[in-house]
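Chemist: Taking the hints into account, I'd like the entire structure generated from these sequences.
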Amino acid sequence: MKTWQELKAEIDRESLLTTLEPVQDVVDVFRYSISKGGAGVPNDNQIFTTWFFGGADVNYLADWCYFIIELAKKENYSMEQLCQMTRFWIKQPSEFGSYCGLRKQYEFFQQLDEIMDGLEKSELVAVLDSYRSYLSNINVWVYQYMPWGVGRAFHRKDKAYYEVGRKLAEGI
Amino acid sequence: MKKFKMRWPALKMEVMCDGISENQEALDILVDNMPVKAIQGHEMVGGWMLRARAVHLQKVPFELEAAQMKNEKMKDAPIGRVSLLFPQGGTTELLVKYDACVDDRDYIPVAQVAEKDLEVLKKVGRLQWQSATRTKEIYHVEFMEVE
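From first to last, the protein sequence lines stand for chains A and B.
Residues in the first sequence are numbered from 0 upward in steps of one, following numbering that gives the first Met the number 0.
Residues in the second sequence are numbered from 0 upward in steps of one, following numbering that gives the first Met the number 0.
If you are wondering where the hints come from, they were derived from the structure by calculation, not from laboratory data.
Watch out, some of these pointers could steer you wrong.
Claimed, not checked - Examples of chain B residues lying across from chain A (beta carbon under 10 Å, computed):
hint: 1; residue: Ser20
hint: 2; residue: Gln23
hint: 3; residue: Val54
hint: 4; residue: Pro60
hint: 5; residue: Glu64
What the hints assert, rightly or not - Reference excerpt, derived from the structure (chain B facing chain A, CB under 10 Å, subset only):
hint: 6; residue: Lys1
hint: 7; residue: Ala37
hint: 8; residue: Ile38
hint: 9; residue: His41
hint: 10; residue: Arg50
hint: 11; residue: Arg52
hint: 12; residue: Ala53
hint: 13; residue: Gly88
hint: 14; residue: Gly89
hint: 15; residue: Glu92
hint: 16; residue: Ser130
hint: 17; residue: Ala131
hint: 18; residue: Ile137
hint: 19; residue: His139
As the list claims (entries may be wrong) - Sample of chain A residues lacking proximity to chain B, with all beta carbon distances greater than 10 Å (derived):
hint: 20; residue: Glu9
hint: 21; residue: Arg12
hint: 22; residue: Asp27
hint: 23; residue: Ser32
hint: 24; residue: Val40
hint: 25; residue: Phe52
hint: 26; residue: Tyr98
hint: 27; residue: Gln110
hint: 28; residue: Gln143
hint: 29; residue: Gly150
Idealized CB from N, CA, C, for every residue including glycine.
Modeler: Here is the structure:
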């Protein structure tokens, strides 16, 4: 089991490595369409749902960290409550992200989970701050590699569009 | 008031950003962390904004409380506005509005791109949108204090 300082240092190293160079998990899943955890394989062996659900879940993890840190700083929450919130908010989407192939972020959470109950508030905040930095890098690279151009195939429709459709259907 | 440059080396373009009267303490923290490099991204739903999703603050952590800072709705911000989103500890997002936005959420304005550089900013914005939706070119952005 790592100390919180060792875990924070490991996350910081990974964060530094992935600020200007891609997170390998993201390259595998979003650039090369490799679903390492098997997500999407039973569903016509496609990757789109893995991108859609996995990317979004991990995207929000950084925000959950932000709010837990704010609550730790400003409110009179006990460490027991903060640990409970961290487990409730982070574990499920982090684990699902891992299933979708974004593995390292879940490895970091699992290591935090092991030591969290023995930490001081400032120590939990320090680790969550580093974790949030790494998650932000994941988001950068997910946004970079997501093929947003496919959106051009699904143009937004508005009231006028349906009005034309209604008139056509009515033979006006 | 503090100033900084945003520079995109691969595009050989840069713009000057001047501090504004709002949120000077937040700008001080941002500038105190420069030089900073990040990956340049683009906003995908709210309008024409450059968006750097991970700007790391490794020298001075961001410890101002959200309630201490003034907010501005992006749709009401002038073209060229530089704003922060969720600044905290070692990380912030940084956005630059370069054309129309419908986003009515609150952001933390800290600077304004110089009038003379707005056309350059728009060019960068359009190239970044091309990257996000078609070419997938990776553009670095550098933030540097200007004395």
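Chemist: None of the hints should be skipped; say for each whether it holds.
Modeler: Each hint, compared with the structure:
1. Checking serine 20 (chain B) against chain A by beta carbon gives a least distance of about 26 Å; that is not within 10 Å, so the hint is violated.
2. With its C-beta approaching chain A no nearer than about 22 Å, glutamine 23 (chain B) sits outside the 10 Å limit, and its interface hint is violated.
3. The beta carbon of valine 54 (chain B) comes within 9 Å of a beta carbon in chain A, closer than 10 Å, and the hint placing it at the interface holds.
4. The criterion of a C-beta within 10 Å of any C-beta in chain A is met by proline 60 (chain B), whose closest approach is roughly 8 Å, and the hint holds.
5. Checking glutamate 64 (chain B) against chain A by beta carbon gives a least distance of about 7 Å; that is within 10 Å, so the hint holds.
6. Evaluation of the lysine 1 (chain B) hint against chain A yields a violated restraint, the C-beta minimum of about 23 Å exceeding 10 Å.
7. A cut of 10 Å between beta carbons decides the hint on alanine 37 (chain B): the least distance to chain A is about 7 Å, and the hint holds.
8. The criterion of a C-beta within 10 Å of any C-beta in chain A is met by isoleucine 38 (chain B), whose closest approach is roughly 5 Å, and the hint holds.
9. Taken as an interface hint, histidine 41 (chain B) checks out: its beta carbon lies about 8 Å from the nearest beta carbon of chain A, inside 10 Å.
10. With its C-beta approaching chain A no nearer than about 8 Å, arginine 50 (chain B) sits inside the 10 Å limit, and its interface hint holds.
11. Using the Cβ-Cβ criterion of 10 Å, the hint placing arginine 52 (chain B) at the interface with chain A is satisfied: the shortest such distance is roughly 5 Å.
12. For alanine 53 (chain B), the interface hint holds, the least distance from its beta-carbon to any beta-carbon of chain A being 4 Å, beneath 10 Å.
13. Given the 10 Å rule on beta carbons, the hint for glycine 88 (chain B) holds: about 4 Å separates it from the nearest Cβ of chain A.
14. Here the hint on glycine 89 (chain B) is kept, as its CB sits about 5 Å from the closest CB of chain A, short of 10 Å.
15. The interface hint given for glutamate 92 (chain B) holds, since its Cβ lies 8 Å from the closest Cβ of chain A, which is under the 10 Å cut-off.
16. Because the closest C-beta pair between serine 130 (chain B) and chain A is about 8 Å apart, less than 10 Å, the hint holds.
17. A hinted interface residue such as alanine 131 (chain B) counts as satisfied when its beta carbon comes closer than 10 Å to some beta carbon of chain A; here the least separation is about 5 Å, so the hint holds.
18. Of the supplied interface hints, the one on isoleucine 137 (chain B) holds, with its beta-carbon coming within about 6 Å of a beta-carbon of chain A, less than 10 Å.
19. Of the supplied interface hints, the one on histidine 139 (chain B) holds, with its beta-carbon coming within about 6 Å of a beta-carbon of chain A, less than 10 Å.
20. Here glutamate 9 (chain A) stays apart from chain B, with its beta-carbon at least about 15 Å from theirs, past the 10 Å limit.
21. Interface exclusion of arginine 12 (chain A) from chain B stands, the closest Cβ pair being 13 Å apart, more than 10 Å.
22. With a least beta-carbon separation of about 16 Å from chain B, aspartate 27 (chain A) lies farther than 10 Å from that chain, consistent with its non-interface assignment.
23. For serine 32 (chain A), the shortest C-beta to C-beta distance to chain B comes to about 14 Å, beyond the 10 Å cut-off, and the non-interface label holds.
24. Non-interface call for valine 40 (chain A) relative to chain B: holds, since the shortest CB-CB distance, roughly 25 Å, exceeds 10 Å.
25. For phenylalanine 52 (chain A), the condition that its CB be more than 10 Å from all CB atoms of chain B holds, with the nearest at approximately 17 Å.
26. Taking the minimum C-beta to C-beta distance to chain B, about 23 Å, the non-interface status of tyrosine 98 (chain A) holds against the 10 Å cut.
27. With a minimum CB-CB distance of about 19 Å to chain B, glutamine 110 (chain A) clears the 10 Å threshold, and the non-interface call stands.
28. Against chain B, the non-interface label of glutamine 143 (chain A) is violated: not every CB pair exceeds 10 Å, the least being about 6 Å.
29. Not every Cβ of chain B is farther than 10 Å from the Cβ of glycine 150 (chain A); the closest lies at roughly 7 Å, contradicting the non-interface assignment.
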